[in-house]
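Once you have looked at the hints, place chain B on chain A.
Protein chains in written order, with this note's numbering: chain A, 867 to 1646; chain B, 25 to 639.
Treat the hints as calculated values from the structure; they're not laboratory data. Heads up, the beta-carbon is just placed ideally off N, CA and C, and yes, glycines get one too. Please note that a few of the clues may not be correct.
[As the list claims (entries may be wrong)] To give a feel for the contact side, a few chain A residues facing chain B, derived at Cβ under 7 Å:
1. L1013
2. R1068
3. V1087
4. M1092
5. E1505
6. L1506
[What the hints assert, rightly or not] So these bits of chain B aren't anywhere near chain A, every CB distance computed over 10 Å:
7. L63
8. L81
9. R139
10. A192
11. A227
12. R268
13. V289
14. G374
15. R378
16. E447
[As the list claims (entries may be wrong)] Label pairs and their calculated CB-CB ranges:
17. R290/B with P1614/A: 56 to 64 Å
18. K1501/A with S574/B: 45 to 53 Å
19. G1021/A with A622/B: 27 to 35 Å
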Amino acid sequence: MSAFGVLAPRVLWLLLAVPLVTLAVARRPRSGRAAALRALAATGLVLVLAGAYLRRPRPTGGACVILAIDVSSSVRRAGLEAAARARAAIGAALGPHDVVGAIVFADGARVVAAPSATPPSPNALVAAAEAAGLDPDASDIAAALRLAEPLCPDGMQAAVLLASDGQETRGNALAEAAFANPAVPVFPLSLDATALPPAVIRRILAPATAPDRTVVPLEAVVESGMAAPVEAALVIAADDGTPQQVAASLLPGLTVVALPYRARGAGRHALDAALRLPADGPLLPGAVHVALDVTASPHILLVTARTTTAVGAALAERGMRVERVAPDALATRVARLDAADVVVLDDVAKGDVPPAALGGLTSWVARGGALVVTGGPHLFGDPAWLESPLAPLLPVELLSQAPEPKEREPIALELVIDRSNSMGFSSRPDPTGEGEKMEYARRAALAVLDQLGPHDLVGAIAFDSQPYELGALAPVAECRDALAARIRALRHGGGTDFKEALAIARRDLDAADRPVRHIILLTDGDTNRRSDDHRDLIADLARDDISVTAIRIGQDTGNLELLQQIAGDTGGEFHHVADATALPQLMIRDTRRLIDAPGSLVNAQAHVGQWGPMLAGLSEEDFPRVARWATTKLKDDAELRLYLDAGSRRDPLLATWQYELGRVAVLPVDFQSGAAEWVGWEGFGKLWTQLVLWAMPRTAEAAARPGDVAAGRELRAVGPNRPLLRQLAATTGATIDPAPAALLAARPGVEHEAIPLTPYLVPLIILAVLGDVALRQLGR
Amino acid sequence: MLGLANPLGLLALASVAVLVALTLLARRARTSVVSSLLLWKQIPARRIERQRFRPDLLFVLRLLLLLALAGGYVRPYLLRPGSGDAGGLAVVLDVSASMQVRETEGRRFDVARRRLDALVAALPADAPVLLVTAADRPRVVQRWTTERAPLAERLASLAPLDTPTALAPAVQLALGEAARRPGARVAVLTDLPPAASGLAPAALAAVDWTAIGRRDDNVAITAVQVEAPPFAAPADVRAEAVVRNFGAGPRTVSVEASLDDTAWVRHAVGLPARSARRVALGVPPGPGVLRVQLGGDDALAVDDQAVAWVPSQPPLDVLVVTESDAFAAAFRALVATTAHGHVEVVNRAGLDERAGVAGLAGVVTVFDRLAPADDEGRGRGAVLYVAPPPGNAVCPSARRVDDASVVDWEPGHPVLAGLAGLEAVEAARATQLVLPQWGAAIVTAASRHAAYPFLVVGEKDGRRRACLAAELPAPPATSDAMPLVLLTLGTLRWLAEPLAELPITVPTGVPVVVPGDAVTAVPGVLAVSDPAVVLAERAGLHRVPTAAGSERLVLANLFDDAESDVGRDGGGAWPASIAPAPEPGDSGRADLSWWFYAAAAALLALEWLAWGLAA
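Just chain A, same shape as in the assembly (with noise of 0.2 Å):
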């Protein structure tokens, strides 16, 4: 509403003489309409010397206006098209002392006009946002505030119309509105949604470190704001090397897609994403930055008495540093775990590892490392863990493998005794004249016998530089005496050659139809043959299942090596006994640990349990059966992630947990013996390679994400943050949108101003004033 007024009400007065002159004027004839126009100038010009305005709802010191328009890559073109319609929109309804300017801001803000009665043009708006050399992944609306505020003249009332998505990634909008003084409303404008990217990517989910050599599991979050799905690229590159594009079809709304990448030498490196869209569009703006520490190549203590181990094979062939240490050494190295990332128990036996040495490995789990059992029967069956303080530790518990008689599968297993001449040797007097471990070696092996059942299947060779079988393989029931009596009748004699003894043992076992199938090998000699003549036979044992418990007689060293790589490949023990007298209970000892093995239960499917980042790319279906493993039972906050059907049991295959600060996950599986399968499998390395990662520890610079400093958060969501311009318009006291009256329209408490009428009144007079002359001058 308009309200008249006057600057000097006393000039007024002279509207009282007004009247007079009328009067006066109006007494002679035919003067009236002259007296009334003179009046009427006359009242025009008391009005002009007394400063007669008309007040409107508009500021006295005009409106100004600032333009400030987002120019970073969430927002592109969007703001400038905004902006020149709401140019376009006020420009008609500016006033004589309204101006307005413009700033652009993306990481940082710039004047690209000052506030002036000529707005800059949309064309001048593009062209300096241009060259305003802002970097465009980044928005602080903090900034453009902080710069719009006080580019206004004193005394012009300020108003910022905001073009923007809200998207903030520095600073803070609402606070720095808050502050300004005086208050400048804040007026967010709407973008047009078709200007708007449709589609971002939201975030780079990558850890903050990874180990060099292996496959980093990088996911690009993208949200798409299109209707239908889209073919789209992502484009990756690390430290500005070549770019890899990654084909992606993304649905309306989140998408994450699988970025491959390797991690390729220690240090940060620096990895871009964009998108492509459509694929073989250009690249949409606003590059997503993410930075990741390399590491050194995991380091891999691998504590096993085999020579040759399929798992370490696997960790090293992706690039991972395995130490390997003999299970009696681990008691030296366990002072100095923490310079291992992970440690790799693979069938070790209680018995070979000193208790010290799993005390210290005990707390070092608990301090945050990580740990990982492996291995079949010869580990998990072995009572001794029972008590040990590895037990614990683990997120099984260990059973006694010893099922009921009636329960158990019948073995096949066959005796191979060395009978060469030296067997005939004796260190203390023979009274029977055949050497004491020849003796005791016939007596092992009826004290074997005794132990089977009438339904497994036992044979048994003698050897010396060739082979002599005692018996073919037979049920116990069938053979037992016949057996028995040809062992006792075994003599010494010979040179010593066990290669075609065992090739016999082999091919006799891998015909006959039982789950567990084993050899039992004593010998005291040096073998005529190499080693290395024994590889294939080695490979064929470990490839058919069979395993080999090789037993060393004597105190001298010939043949260790050899021995001890036929029972580590072939997933079964060696003993290196000095004493002759021992051999009856050990090989009671080894056989029993075969009867009683319940894994030799069936040979079965791998299923998944519980998906894990371990798991992650591998695929239930591609998982190899397991012929043999040692049954344990989950613990209670174990995750089980793979399982194997045991009728009404699910046996653990994978079981993984959280033992205070560190990690612990079990296989109880040998993978030289009972799931020998794995090996040759593709994803064998990648199970491996994804578990160590898992398992461990996260160091304190993942804690402190380095990454997410850097990472792009300018593209973090298709659309505007409605929420933040409503409450910035609310805070500020102004709308959404508004209409070009109500921008420029005075606010409460600011001066309206003051229309001069002298304009329009002096153009009256003169007319006035003409008229009247005229009714004189022509009227007369």
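Below, chain B without anything else, positioned relative to chain A:
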């Protein structure tokens, strides 16, 4: 100098032509019917004379009247003395922290002030001066004035602040003011070279730039961090400082830390040129205000000190409202991981009874799949809504979803401080939250291509509250659930913080929204309310009164590498190459139009009088 503000008003002179025409028309022959021509015949014919234009007094008066009206209409003006060549000077004086650097000739600020005095002294006595200070933001400390005394008084009262520099807005302000005064110049006195100002070349060209400063031997504390895992024992709290040498030569400084003004540790730190080092301070002896101070002389003192807060880590006291034994057990297990945590479980019906028996101030109430609307305004402590049901008014949510995975988060939020591996947070069952007006989504999750808030936190009516979308797994302490457990613990820690007692930690020069009650400004700390925002201009420890009548601590630090990197090349002067673009305006003009209108009024009266007399 005379000018016309409305030259188009000269069109009003056309009225003079009309007047002449009217006068001529009035003198033309007319036919009059009379009863007798006897008397007319005695008058000799003077046809020629009748046609000639002979202005009379009335015509002259009318002409002058119209000329006066037209003269007023063109709005003649005179430029006032001093509004032309004297122009004036708009001065931008840098008062940021780096101006505190002590050079051989004194502080940079004092050097700049002396240069400013000289500039003003060289101006004509009637030249107006505008004084703008530039620190974190521009401030007009003296509007245009020709009086030197108040200007000197203002100048004398100034001192450099402890804030970073934002020179561009101040220069833009000065340029805008100068543009409205023809002939006015802009002078900038700072320790920054023009290229570092962030101004466009066109703006720089219109400015007389004076840069001062040379010293670079500054060592600064650029960060102080107190790592306190959620509900950790005091022995698990660690403090460290980052010390950076900005100088070109190696330095050895002492780093001294004190807690609540009691000396704690002291380290000697060697720093190669332009290098930084983390200094582990160790385990603080207790909660309180940690002050870190660098020993040894350097160019800038304000960044030789820093303050931080060592939290007291009170035990977690939780009231769980649930109908589920499994949830209660899971939460007990969760709280059992904290030192001296206490859990009390009630069902929904028992909540009112429990609240009546003892107050719930200081207790975090956890609602399991409940969000009772009548919980509003009961004066309870902080609240965590776990998997709030769809349709509730407190933590709005759309529906239950399966397999939620975290896809985004706000790394700077205090709830997430120190949490790593958020991308590993997953929940088999969750509630799809909708953002309420009172909160902000600091963690976002996705299920089946739809993203939604996963953790919403905020404050309302002086209470902190949070909505967690995930249903807690049972048992919670599995390796898979560990990220979610840590996120929950982080949320509980934030909720359990005694809001009114928490110090406000701010960087100097940056406005920060204050959680809790608004505070009142004190020297060195500016404050506004609604929303409650503080801005510290001085580093150090400040005690500010709150609207509720209590007192809060404000810990302000200057952690700004650009500001601490005080080394300059000796400075110099860059004179303006162009004048500030002038803008049309009325300043400095004396409007003469009123006098023309007054004359017109007088002439109107005279003409009337003359006409009356003539008649």
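Hints versus structure:
1. Using the Cβ-Cβ criterion of 7 Å, the hint placing L1013/A at the interface with chain B is satisfied: the shortest such distance is roughly 5 Å.
2. The interface hint given for R1068/A is met, as the beta carbon of that residue sits about 5 Å from the closest beta carbon of chain B, less than 7 Å.
3. A distance limit of 7 Å between C-beta atoms decides the matter here; for V1087/A the minimum to chain B is near 4 Å, and the interface restraint holds.
4. Checking M1092/A against chain B: minimum C-beta separation of about 12 Å lies over 7 Å; hint violated.
5. The criterion of a C-beta within 7 Å of any C-beta in chain B is met by E1505/A, whose closest approach is roughly 6 Å, and the hint holds.
6. Because the smallest distance between the Cβ of L1506/A and any Cβ of chain B comes to about 11 Å, over 7 Å, the interface hint for this residue is violated.
7. Distance check on L63/B: its Cβ is at least 19 Å (rounded) from any Cβ of chain A, clearing the 10 Å threshold; non-interface status holds.
8. The claim that L81/B is not at the interface with chain A holds, since no C-beta of that chain comes within 10 Å of its own (minimum 14 Å).
9. In this structure R139/B is separated from chain A by more than 10 Å, as the shortest Cβ-Cβ distance comes to about 23 Å.
10. The beta carbon of A192/B sits about 7 Å from the closest Cβ of chain A, which is not more than 10 Å, so the claim that it is off the interface is violated.
11. A Cβ of chain A approaches the Cβ of A227/B within 10 Å, the least distance being about 7 Å, so the stated non-interface status is violated.
12. Against chain A, the non-interface label of R268/B holds: every CB pair exceeds 10 Å, the least being about 17 Å.
13. Listed as outside the interface, V289/B is consistent with that label: its C-beta sits roughly 20 Å from the nearest C-beta of chain A, beyond the 10 Å cut-off.
14. With a cut of 10 Å on Cβ distances, G374/B stays outside the contact zone with chain A, its closest approach being about 29 Å.
15. For R378/B, the requirement that its beta carbon stay farther than 10 Å from each beta carbon of chain A is met, with the minimum near 30 Å.
16. Separation of E447/B from chain A is inadequate, the least Cβ-Cβ distance of about 4 Å not exceeding the 10 Å criterion.
17. Range check, R290/B to P1614/A: Cβ separation about 58 Å, and the 56 to 64 Å hint holds.
18. Our hint of 45 to 53 Å for K1501/A and S574/B holds, since their Cβ atoms are close to 51 Å apart.
19. Taking 27 to 35 Å as the suggested C-beta distance range, the pair G1021/A and A622/B conforms, at roughly 29 Å.
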